[in-house]
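Visitor: Chains as they are written, first to last, in this note's numbering: chain A, 1 to 264; chain B, 1 to 264; chain C, 1 to 264.
These aren't lab readings, by the way, just hints derived from the structure by calculation. Fair warning: this is a prediction, and the values are worked out from it, not measured in the lab. You may find that some hints are simply not true.
A pair holds if it fits inside one copy or across any two, identical chains being indistinguishable in the list.
As a list, the in silico BS3-like pairs of lysine-lysine whose alpha-carbon atoms are at most 25 Å apart [stated by the list, open to error]:
no.: 1; residue 1: K223; residue 2: K59
no.: 2; residue 1: K59; residue 2: K110
no.: 3; residue 1: K223; residue 2: K78
no.: 4; residue 1: K164; residue 2: K200
no.: 5; residue 1: K110; residue 2: K255
no.: 6; residue 1: K196; residue 2: K78
no.: 7; residue 1: K164; residue 2: K15
no.: 8; residue 1: K59; residue 2: K202
no.: 9; residue 1: K118; residue 2: K59
These are the residues of each chain, in order.
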Amino acid sequence: MERGVITLITDFGTKDSYTGVLKGVILGINPMVRLVDITHEISPQDIFEAGFILNNSYKFFPEGTIHLVVVDPGVGSKRKAILMKAGDYLFIGPDNGAFSFIYESERIDKIVELINNKYFLPFISNTFQGRDIFAPAAAYLSRGTPLEDFGESCNEVVKFDIPKPEIKKGEINGVVLHVDRFGNLISNIPEVLFRKLVGKGKHEVSIGGKALGNIKVSYSEVKEEEEAVALFGSTGYLEVSVRDQDARERPNLNKGNIIKVVHK
Amino acid sequence: MERGVITLITDFGTKDSYTGVLKGVILGINPMVRLVDITHEISPQDIFEAGFILNNSYKFFPEGTIHLVVVDPGVGSKRKAILMKAGDYLFIGPDNGAFSFIYESERIDKIVELINNKYFLPFISNTFQGRDIFAPAAAYLSRGTPLEDFGESCNEVVKFDIPKPEIKKGEINGVVLHVDRFGNLISNIPEVLFRKLVGKGKHEVSIGGKALGNIKVSYSEVKEEEEAVALFGSTGYLEVSVRDQDARERPNLNKGNIIKVVHK
Amino acid sequence: MERGVITLITDFGTKDSYTGVLKGVILGINPMVRLVDITHEISPQDIFEAGFILNNSYKFFPEGTIHLVVVDPGVGSKRKAILMKAGDYLFIGPDNGAFSFIYESERIDKIVELINNKYFLPFISNTFQGRDIFAPAAAYLSRGTPLEDFGESCNEVVKFDIPKPEIKKGEINGVVLHVDRFGNLISNIPEVLFRKLVGKGKHEVSIGGKALGNIKVSYSEVKEEEEAVALFGSTGYLEVSVRDQDARERPNLNKGNIIKVVHK
C-alpha cells in the first residue's frame, strides 16, 4: 500500500469532531498515509482565503502530495466535487473556486468529477461531504486508485478573479489579500514585478494613503518601535508589517487596503 | 509491535505543553502508534461536551482504535481511571460520565479499573493523570497488553443522563446539546424518530418559540440571507442553522434552547 | 532512513500556512520522520514563553527526539541559527535565549552554528527562516547527518535570566511565570525547595498579598467553589488555581504576581 501524504485545508475549526472524523475515514481506507494539517481555521466559508493559503503552501510538500481543500458553502447543492492532477500535485475538493490560484500557476493535467460512488461512504449527507465524498476519495487516491476510476473528465470549473496589481505611469497599485497571525498585511504585488519595473530605483510605498518610505530587506532594519515597514515576505509578495505590533490594531490597516509603490 | 490508532479528546487546549507531553509519553512506549487529535478544545472541565464529541466521531475510525478521553475535573480525587472494550473500539479515561453515550449505544464487553502501576509513569501527580496514567495505559494497550493486565473488572461506572426528546400529542420536544464552529445548533432529535412519527407528513419546527417552517434537505434550499433553517445534520440529528451567520449571534438561539417539531 | 521524532514549538499560529509549510519541507527531506506539535500558540515573539513550554515538555519525549523551537523576532538580523546536543535530546532554533532553561538543567554536549547551506533550502528569505534553515536542518539531522556537518562549534550563546525564588528569614518569594489554559498560575517555586526549607512545617501561602492558607495536595481538597488554592502542579512547581474558574478573571491574579510562602 502506498504511503504518501494528504494535507488538509478546511474551515471546520478544531473544537468540533469534524476534522477528527475526516482523518478517521481516511485511515480506515489507507492506514499508511500520512496526514498533515495545513489549517482548519479558514474563516467559515471563505473560499478565497482557502485558495490563498493553499497557494502559499502546496509547493513545499513532496511530489505526489494530495491536497484536500474542503471549504464548502454549497454543500448539498449541485456544485461539483472534483479531483485534479496539476503539476506535481493532486487536489481534491468542491468545485467552487478554491483552486483558482492553481489554475493560474500550474499545468493542469486532468480534472475529474467525482461521481463513482464506489469511492464514497455508503451514505451521503447533505451537510458534510468532506466526510462522505472528499475524504474517502483522497484516501483511495493515496492508495493508487487511478484518476479515471473516480468519474468523468471535467473541463468547466469555477474560477474566481484573483486581483492583479495595476500598473500605470510609474505606479504599482496592489491590494492586501490576507492578514496573517502576526498582523502582516500580505499584498498581491510580486517581488519579480517590482524588480522588473523599479529595480534598484528610488521608490516610495504607501498603504491606505500613509507613506512608509522605501522597501526594506528585513524586520530588523526598522529602527523605531511600532514603525510600519514594507518588505517582500516569505511568499514573494510585498507585505506591510508594524514592528512588535499587530498591524490590524493601527487605524486604516487591514485586508482590502490599497498598497501603492511609486517609482520616482 | 502493533501500529494502531490512538485518538485524543481533551480540554487541554493547544497553547500549553500538555497535549505535546501526552504524545511524548505515548511515543516513548509505542513509537509506531498513530496519534490523531479529535479535539483539545473541549470547554474546560465540560464532561458532557467531551462525551458528545466522542459520540459523533468514534465510529468513523478503524476497528480497534483506542479513544483516549481526558477531561478530568476530579483529578487527584478518588474518581476511578477506566479502560473499556465496547463494540469495535477501546476507550480510556477518567470514570466521570464522559462515556455515557457509549454505554447507551454500544455492547459493553469489558470495563477494567486501571490499578496496575506497572503501566503508569513512575511518579503519579495529583493534577495531570492524563500524562501519568491515561497516556501510558493507552500506549501499552496499543502494544497489545491484554485488558486484564491493567486491573480488576469494574461494573459500576458513572453515567450522566442524556436528555431525550419528549413526545406528546403530535409534538417532539428536543433541546440544543451543542453549538458547532459554524453556529449550527445541534439538537437531540434523531432523524429516525422524526421519520417514524411524522414521516412525510406536514410539520412545523420552532426554536425558542420562533417558527422556522418545515425541515429542509440542505443549506442550499434557503433563499433569503440570514434565514434560520432546520435540517438533519451530518450526525443524524435535527440542527438549526442561520445561513451565512453564526446562529449564536441571533437573539434567543443557543445551547439549551428548546426545539419543537409539531406534526400537523 | 531513520524514523525519529521532531517536535515543533512556534508562534506561527494555526490559521496561516506557516506550520504546514514547515512540515512539508521536513517531509520532503525525511518522509519517515514523525512530527509532533507541542504548540504553535506561543504569544507572538515571546521567547521566554517558548523556553518555558519547551522546558515543561522536552523530557517526556523519547531519547534522541529533535526539538525544533522557532520563535524568531530577530529573523533577518545577525542572530545565529544553532543546533545543540544536550542530555538525551537535540535542539534547533534561533540563538535568542529560548534554550536558556536547557542551558541550566542539561549537560550541553555540543552547540553548532548552522552555516552549511547544503542543508538549507536553496533560497533563504529574510522573514521565514523556520522554513528555509531550521526545518531542513531538523530534517537532515533526523536522517542522521552528523552535527559537525552543519557548521562550526559555537561557544557563546544568548541566555536570558530565569527568575529564581528569593529566600529570606523563613520566606520564599517566587513569581508567576506562566498562566495556562485553565487559568492556573504557575510559579518558579520548586517543590524540592519547599520540602527542604519548610518540610512538613506550618506555612502560609499568599499571592499578590492575598492569603491562601497552606499548600493543598489536589484540587479536590478545595471545599467552597471559587476558593483559590495553592498546590504543586504537574511540572513540580507551586501553582495557584481557582476552582472552576479561570484565575485571571479574579482581580490581582496574573503573570508576574508575587507568590510568597511563609514558614511559621
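Visitor: Next, verify each hint and record whether it holds.
Guide: Quick rundown of the hints versus the structure:
no.	hint	in the structure
1	K223 to K59	neither (34 Å within a copy, 39 Å between copies)
2	K59 to K110	within (18 Å within a copy, 34 Å between copies)
3	K223 to K78	between (55 Å within a copy, 15 Å between copies)
4	K164 to K200	within (23 Å within a copy, 51 Å between copies)
5	K110 to K255	neither (34 Å within a copy, 46 Å between copies)
6	K196 to K78	neither (44 Å within a copy, 29 Å between copies)
7	K164 to K15	between (36 Å within a copy, 24 Å between copies)
8	K59 to K202	neither (33 Å within a copy, 53 Å between copies)
9	K118 to K59	between (30 Å within a copy, 20 Å between copies)
In the structure shown, a violation is registered for the earlier hints numbered 1, 5, 6 and 8, in ascending order.
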